Each structure stands twice: as C-alpha cells, then as structure tokens.
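Visitor: Sequence:
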Amino acid sequence: MAGYSGTPLYRKLGIKPGHRVALLDAPASFKATLDGLPAEVVIRHGLAADAPTDVIVLFVTERYELQARLDEVRRGMAQDGGFWVAWPKRASKVPTDITDDVVREVALPSGLVDNKVCAIDEIWSGLRLVIRRENRRPAE
Numbered sequence: 001m002a003g004y005s006g007t008p009l010y011r012k013l014g015i016k017p018g019h020r021v022a023l024l025d026a027p028a029s030f031k032a033t034l035d036g037l038p039a040e041v042v043i044r045h046g047l048a049a050d051a052p053t054d055v056i057v058l059f060v061t062e063r064y065e066l067q068a069r070l071d072e073v074r075r076g077m078a079q080d081g082g083f084w085v086a087w088p089k090r091a092s093k094v095p096t097d098i099t100d101d102v103v104r105e106v107a108l109p110s111g112l113v114d115n116k117v118c119a120i121d122e123i124w125s126g127l128r129l130v131i132r133r134e135n136r137r138p139a140e
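To convert, note that position 4 of the sequence shown is 4 in my numbering; the numbers rise steadily by one, no gaps.
Certain hints may be false.
Said to hold, decoys possible - When the alpha-carbon atoms are kept at most 30 Å apart in a straight line, the in silico DSBU-like pairs for lysine-lysine are as follows:
no. : residue 1 : residue 2
1   : K31       : K12
2   : K16       : K89
3   : K116      : K31
4   : K31       : K89
5   : K16       : K116
6   : K12       : K93
7   : K116      : K93
8   : K89       : K12
9   : K116      : K12
10  : K93       : K31
11  : K116      : K89
12  : K16       : K31
FYI, nobody ran anything at the bench for these hints, they're computed from the structure.
Nothing here was measured: the structure is a model prediction, and the numbers come from that model.
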C-alpha cells in the first residue's frame, strides 16, 4: 500500500530483498500495509536470536515502553540496520506521551542517531534510528 507520497511503505522503511524484519507490538492490521514486499523478506513478530535484524519497527504509545525495549532492540539490530520507533500522531487522538523529541531523548544516549522520519499511516508516525558509525562493529 502506498503512503501519502505514493511511495510503498516497505520502501520508505528501507526494506530490501532478503532483509530480516521484526514487527514489535504492531497493530494487527499493520502487516497488510506492507503489500508488495521484495523477494525473500522474512517478517517476524519478535527479534531473532540466531541473526541480527535488518529493519525493526517498534510501536509504542508510552515512553516507558520505549525505555523498556531499547536495550533488547539495540542488541538485535544489524550493524547497518534501521530501527523505526512508531508512535501515534497527535491528530489520531490516541493517548500518548511520545513525540520525536522523546524518542531522541531516550535513544540517542544509547549510541543511536536518527536519520529519517515517515508517516507510516493515518495514525502512526515513525522515526528511524541507526547505530552511529563510530559505534558500529567492523564487518566480519
């Protein structure tokens, strides 16, 4: 399904062929918004213990949820992967204490940096975080 810009959501999220994707606490209807995924994309509803995850999308409505999951997500990320934090837009009227500033305040001290924003759908906004280059482990 294309977003407001006409660009498919999977492309806005940076999902590419062969990627491992984790959807954490996603609304039941969310997977349907990823229509047209590239070949060999593996979607899980949790982090894989056997391999790092290329794209992680965590849905939160409260700051404490982000704080509680951050270390786990950080450990599960591929070194060049993306971690999207999704939270309800103000216009959605869904109760939340999350904003992009709150996401930065919680995540940046852990060695992450934000590099992209996107309107996921009518309800959810997203901020993409990546591991700072100087904090990435060398490729093996």
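Visitor: Are the hints correct? Go through all of them and say.
Guide: Hint check:
no.: 1; hint: K31 with K12; verdict: holds (14 Å)
no.: 2; hint: K16 with K89; verdict: holds (26 Å)
no.: 3; hint: K116 with K31; verdict: holds (21 Å)
no.: 4; hint: K31 with K89; verdict: holds (19 Å)
no.: 5; hint: K16 with K116; verdict: holds (16 Å)
no.: 6; hint: K12 with K93; verdict: holds (24 Å)
no.: 7; hint: K116 with K93; verdict: holds (24 Å)
no.: 8; hint: K89 with K12; verdict: holds (17 Å)
no.: 9; hint: K116 with K12; verdict: holds (9 Å)
no.: 10; hint: K93 with K31; verdict: holds (22 Å)
no.: 11; hint: K116 with K89; verdict: holds (16 Å)
no.: 12; hint: K16 with K31; verdict: holds (16 Å)
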